[in-house]
Amino acid sequence: MLWVWIGLGILGFLLLYGILVFNRLVRHRNRVENAWSGIDVQLRRRYDLIPNLIETVKGYATHERELFEQVTKARTRAIEAGTVGDQAQAETEITRSLGRLLAVAEAYPQLRANENFLALQEELTSTESKIAFSRQFYNDQVMRFNTLIEQFPSLIVARLGNFTQREFFEAEEDSRGAVAVDI
Amino acid sequence: MYEQIARNKWRSFLLIVGVLVLAGGIGYLFGYLFEGGLFGLVLALGIAAVGSFSSYRYGDRLVLRVSRARPASREEYPKLHNVVEGLCIAAGMPVPAIYVIPEQAPNAFATGRDPEHASIAVTEGLLQMMNRVEFEGVVAHELSHVKNRDILVGTLAATLVGVVVLLAGWMRWGLFWGGRGRDRGGGNPIILGIALLAMIVAPLGAQLIRFAVSRRREYLADADGALLSRYPPGLAAALRKIGESTNTMQVANNATAHLWFSQPSRAVGEGHSRVERLFSTHPPIEDRIRALEEM
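Heads up: the protein sequence lines correspond to chains A and B, in order. Residues in the first sequence are numbered consecutively from 1, following the numbering used here. Residues in the second sequence are numbered consecutively from 1001, following the numbering used here.
In case anyone wonders, no lab produced these hints; they're calculated from the structure. Think of the CB as a built atom: it goes at the ideal place given N, C-alpha and C, for glycine as much as any other residue. Don't take each hint at face value.
As the list claims (entries may be wrong) - Here are a few chain B residues that face chain A, going by a calculated C-beta distance under 8 Å:
id: 1; residue: K1079
id: 2; residue: N1082
id: 3; residue: G1086
id: 4; residue: L1220
id: 5; residue: A1291
id: 6; residue: M1295
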């Protein structure tokens, strides 16, 4: 009889532990999801800023039509992208062409004196760095989640609960570095 | 990080206990010497308890007020807001209230009790002097203080020690009037004794601050800040600029010195006085830069 109780006790303990670990895994997975949507928020902010920027720059830098089109096209592609890979590619294109556009704008003194442009430039620069920061946060969360899944004994619960590793966001041509150089 | 948070909560607790004991001791002595019975003890404990509670709840406002900080609007300071928001995204923490201090010396501090109730204040001088990367370094350092609850200990220390020093001041005042009014012959040596005690209370308070806010926390915040901004050279460059700056702080005082990003020296030449050294709350800037460069 005693052994039955001890067995039940151990079983109960294991069950309780399993529940705790399971909840922890769920919490971490949600954090990863949340961090992922945090990146989206910043990307959308950039989509919103682009038309404003082009509208402002258009009046001054009339010779840069090609560049405007490049940015606009990349933006449309990013918004309409079906897969994550496509979107990532389009975002890279946005980062690049936007960087070029802002660099070109530097050559127009009137533009540099335009308050609207300066405000937009500040917003875009900081949105770029916020995108980088939100990716950094996402990667931090993924690292924690993945570590939890790989570690013993939470590994067992993760297997049973079908928790799978998440992928890191690999920075394309480190956008963070580009921001640092910009200023 | 979690260990630091736990340690800071424990320190805050000890700090409050320390202040209660100190205040209680003074009050008891006061009552004993003036035959007021336990009244002095009760009064002092009451004041210290109210002081502890209010410095926990409202200490940040007091510190901000004393430093003449005013809220920084998004329209007026877009860059400041953007940098703080960006780093908060990276740290996964709520954006604190943002303040600006009209002061030319480059410096900054954070206050509050936890990330949900936190404020960050920077001087105008810092905004003007630093480029974006350097500025990010400083803000990241301050946000690390917020995240690991250094702000709780720091704010408690700043405001509670204010209470103790206030009590000490009152006691001296009470001695002066009470002692004379009663005109007790032979009381003089005792009164002299308390006067001496009152005089050591302020340094004792300073000691309390030093106990509570170890200088190591600055290195830790530098390291955490560098991890957050992913760019140690930015913070190092900011420290170097601050080290070269000759502007002196007007709004910092001994009670708040430990809160600032870099040790505020009040005037040239004053930096080496005994009191200043007693309140020396930061490691030397060169050492902090060296630590960052080794990362």
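Here's how the hints hold up against the structure:
Checking K1079 (chain B) against chain A: minimum C-beta separation of about 6 Å stays under 8 Å; hint holds. The restraint placing N1082 (chain B) at the interface with chain A holds, with a minimum CB-CB distance near 3 Å, inside the 8 Å limit. For G1086 (chain B), the interface hint holds, the least distance from its beta-carbon to any beta-carbon of chain A being 5 Å, beneath 8 Å. With 8 Å as the threshold, the beta carbon of L1220 (chain B) stays out of range of chain A, its nearest partner Cβ sitting at about 18 Å, so the hint is violated.
The beta carbon of A1291 (chain B) comes no nearer than 21 Å to any beta carbon in chain A, farther than 8 Å, and the hint placing it at the interface is violated. Interface hint status for M1295 (chain B): violated, as the beta-carbon distance to the closest one in chain A is roughly 16 Å, over 8 Å.
Hint violations for this structure: numbers 4, 5 and 6, all remaining hints satisfied.
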